[in-house]
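Chain by chain, the residues:
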Amino acid sequence: MNKKHILVVGGGISGITTTVEIAEVGHNVTLVEKLPYLGGKVAQVNQYFPKLCPPYCGLEINFKRIKQNPRITLYTSSTVESISGSKGNFSVKIKKSPEYINDNCTACGDCSEVCPEERPNLFNYDLDKTKAVYMPHEMAFPWKYSIDDKYCKKESCNKCADVCKYDAVNLNAEEEQFEINVHSVVFATGWKPYDASKLETLGYDKYPNIITNVIMERTAAKNGPYSGEIKRPSDNKIPKTVAFVQCAGSRDENHLPYCSAVCCSASLKQALYINELYPETKIKIFYIDLRISGRNEDFLQKVQKRENIEMIKGKVAMINELSETNNLILEAEDIMSGRKVKEEVEMAVLATGIVPINPSISQLSIDEFGFLENIQEDGIYAAGCSKKPLDVSSSLKDATGMALKAIQ
Amino acid sequence: MSKNIATYICTGCTIGESIDVEALSSVATEEYNLKVCKKHPFLCNKEGKDLIQSDIENSELDGIVIAGCSPRVNTKEFSFESELQIERVNIREQVAWCQKPNDEDTQMMAEDYLRMGITKIEKTLTPKPYIAEDLSSDILVIGGGITGITAAVEGAKAGYNIILVEKEKKLGGFANNLYKQIPQKAPYKQLEEPNIGEKIAELDQYTNIKVLKSSEIKEISGEPGKFKVTLMNSGTEEQYKVASIVLATGWKPYDASKLPEYHYRTYKNVLTNIEFEQLAKEGNIHRVSDKKKAENILFIQCAGSRDEKHLPYCSNYCCSASLKQAEYVTELNPDANVFILYKDIRMPGRLEIFYKEIQDNDQIFLTKGELSQFTEDKDGSITVEINDNLLNETVRLKLDLVVLAIGMTPSNSEDLNLNYRKGKGLPELKYNFPDSHFICFPYETRRTGIYSAGTVRMPGCISASTEDAQGAVLKAVQCIESIKRGEGVHPRSGDTSFPEIYFERCTDCKRCTEECPFGMYDENEKGTPVPNPNRCRRCGICLGACPERVINFADFSIDSISSMIKAIEVPDEFEEKPRILAFVCENDAYPAFDMAGYKRLQYSAFVRIIPVRCIGSVNKVWISDALSKGFDGIMQIGCKPGDDYQCHFITGSELTETRAENMQETFETMMLEPERLRTEFIEINEYDKIPELINNYVEEIELIGPNPFKDI
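Residue numbers (my numbering), protein chains in the order written: chain A, 1 to 408; chain B, 409 to 1120.
Derived by calculation from the structure, the hints in this document are not laboratory data. Keep in mind that the hints are not guaranteed to be accurate.
What the hints assert, rightly or not - The list that follows gives simulated cross-link-like pairs (lysine-lysine, BS3-like), each with its CA atoms no further than 30 Å apart:
| hint | chain 1 | residue 1 | chain 2 | residue 2 |
| --- | --- | --- | --- | --- |
| 1 | A | 305 | B | 751 |
| 2 | A | 67 | B | 454 |
| 3 | B | 1097 | A | 222 |
Unchecked claim - So the derived label-pair ranges between C-beta atoms look like this:
| hint | chain 1 | residue 1 | chain 2 | residue 2 | range |
| --- | --- | --- | --- | --- | --- |
| 4 | B | 534 | A | 374 | 41 to 47 Å |
| 5 | B | 751 | A | 70 | 49 to 55 Å |
| 6 | A | 305 | B | 636 | 26 to 32 Å |
| 7 | B | 917 | A | 103 | 47 to 53 Å |
| 8 | B | 751 | A | 236 | 35 to 41 Å |
| 9 | B | 806 | A | 365 | 34 to 40 Å |
Unchecked claim - Far from chain A by the CB rule (all over 12 Å, computed), these chain B residues:
| hint | residue |
| --- | --- |
| 10 | 453 |
| 11 | 454 |
| 12 | 463 |
| 13 | 480 |
| 14 | 536 |
| 15 | 787 |
| 16 | 800 |
| 17 | 867 |
| 18 | 889 |
| 19 | 893 |
| 20 | 999 |
| 21 | 1036 |
| 22 | 1037 |
| 23 | 1072 |
All residues carry an ideal CB built from backbone N, CA and C; glycine is no exception.
Generate coordinates for the entire structure from the input sequences, incorporating the hints supplied.
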């Protein structure tokens, strides 16, 4: 076997998968991730559908595969600046953000304890705060602290550097740039949720008791900002009625013309989060079509059988708020009865769709919706949700397939 | 022969403040007479690592014990370029961080862990990989449909020799019958011409692909790296040696005659979507009864699918197939009316764009509702009544053709004809699909080196199947290369250990054969197990199963764990310090214990943890050893079993439950309380439950009282 060197961009579950699958064939892989930790969106997910199992289980074994494999080089807090050359001989410029905390970090946490500054916790979609020196999340890999230089006062404060027993803090660290040569490149740069504030009639920015599906994941997570309790934001009460608004942006020519493929299953799963915690809470899911893939039909049936979960075929057109109670009034057409319905609920979850994230690299080919396309002849490939909306298991299939393309 | 072992104790990360490190090191130097036991305040930094490195270079060490943080962290820092054995003793997360500092019990815990670490090195060896001779690098692809062809081409592009086997005279499978394909590329609005012809032609470009048509697998025996494949090629028997296999045998349409409400085969103008596609391909969409032009056509979605009496799953392809067919009907005939009766229109991703086109087509009527009448008229037309939920009225239609969007069933994986003791096919999960049910690891089957792809693995359309083919080939390639290095494949990729069997004491009881989830063991004519090491996933379930204790790995053996148990100091009953031994699965439960430590959750210092490869690898002799040693209670903590299992080796947790019940029955015959053995399952993020789990069990055992075998 002719040993090759492959670059994978993006350390979410797709990029991790492409990386370990290639490295386990026996090739060398460099994995570049812009955040200080791996895991991307799935690290923020509370449970996977349909098994309702913790994503950390899969991440743990993948991290183990990375740790044990000498053929993997990992750069976190790094981005790809430019690519030149062609298949078999790409030269790639990588920029590594200042490494304020080096590998000496033992995750002891003393730095964070003395840090006087705070930053919004991106991992929890800004629902809470961390110190400016922080552990990205409790099972983060690499397992070390990180400094957010937007909020850190650096040497004018210096408390973290003073307290660190392990010489792990260097507040003078500078950005580094370097080049690597690779045979091919796989972009697995993932996705972000559609900006719900663009859905003007749904009132996301106006009314406190409307949240999005990604925020629901952190809300329901035991290690999230609310320790897993699902409460409505306006008054911290357990909601007695919750509506899920499907296709919030997706399948809508004014927003995302495509179907985001995961939101139906995700909302079913989130309905179960609530139902498990508060069986008395009445849940209504407003949908256009229930798009549950293949064998997961049994998951749909499981949810349909639950008491207090109702599915209503009809798209929500408008959400208003009753100012005295902060309850929400959803207006939708119940297609099965032909009636226009107005439904009062205490909390609403918008099932926002998938928007691909693309690095600005000139060689990439991007379709009209922003998804990356494979440039196969050129040795540049796309994997996972940067290529099309996919659930986790389908992303992994794709990422494994792209591992093959990359070594060809 | 005693080994030359050096011990290094890290005193950083509060270890030094929590544990009496001098006393701890005397365990190494005095109890075990080790010459070297060094302490360092920061072992994982350069100075610490250099200290170890220079000892490795300058002393003839057999092994090193590093007492400090969990082996889950600083993995690369503490891997040295040397053959010597390295054992990490976790006195940070699992002692200093979860126990009372400077406490007698905390100290005893740390000392026991060090004893166990030293003992483990004494009793194990660095594995020497099993590398079979005459290994092949070729891949067998079974099935010459679109999935198999894609697999062959992509594997060939990666430089591997491919043998592509198709049972029919012609390659292409179902794709040959397509008149049009659904849009695969931007702008996702126009139907595309089928590309199966080009795909088949592409095979000719690769000299490293051998195509065998009219061929069927007669038998596959052996193991990854050297499967022996016997096939019948046009009536002649041929033999091949391959390293790994992609199963791409595709699907069959569900039998429409099992759906009596549609009178398939009785009403002439009721067709399946497959038959309809054929009509279109032949260039004449006509009524079957009288060959007249068909103008009014109804598509019935979910014919057999999403129906508990038939196929409980969604077949994934039928919505897009019917929309495609509806579209070309209207393109061919501006007077045609097409009706689609559906439950949900499932057009995920960018297929939605095509669906939008269909919705804008005023010859196509999408109807969600129930059929209330379905009869054949004298002229052969079909009259149906639909209670249309969207319009809230009953619609009566007179139709020229009714097309059943028929569900997809997988081909039987027994076509592999594996000559395995555990059966001819791939074990199935549900609905006859040989899927692993791992969200995270979609390609894992329970037969190492054999990867299923396309519609045999899961229902889907052409694009999903071609993507699937690429992933499956990658796994096939990875298996080839791993085996050449003598390494296991997922989930213990890179592991060079394998089970070694001391046959002189084997009683042919076949427990290993039965319980191995991966069909590693065959049997010879005398009924003695025959191991096929390259089929092994290194889980150790056979080691756990063997009543004669003759199955061992170089670095994980009956004797090593037994000795570790015996190395633990168990106080006598008058000290009122009970001891609990916890076998903990290293995949999820062990990290959860680490997390509990990171969160500084405190739990009883009476527990001693032994990590195992899978909870199914626990042998009952270790439980007996623990009882003889005086342990008062024994826990087995694994990953969740059941329909939504999380066990990385599929059946490990389930087997543990059964074995534990049997053990508990034995306990009762020995007048021992069954509570002395406890089986628990936790998820990786349930670390918050660990203190309760441990403490409650300790309390329960304290109530029951000391193990009567203590001090005997």
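Item checked: Violated constraints from the hint list, given by number and in increasing order -> 6, 9, 10, 11, 13, 16, 17, 18, 19 and 20
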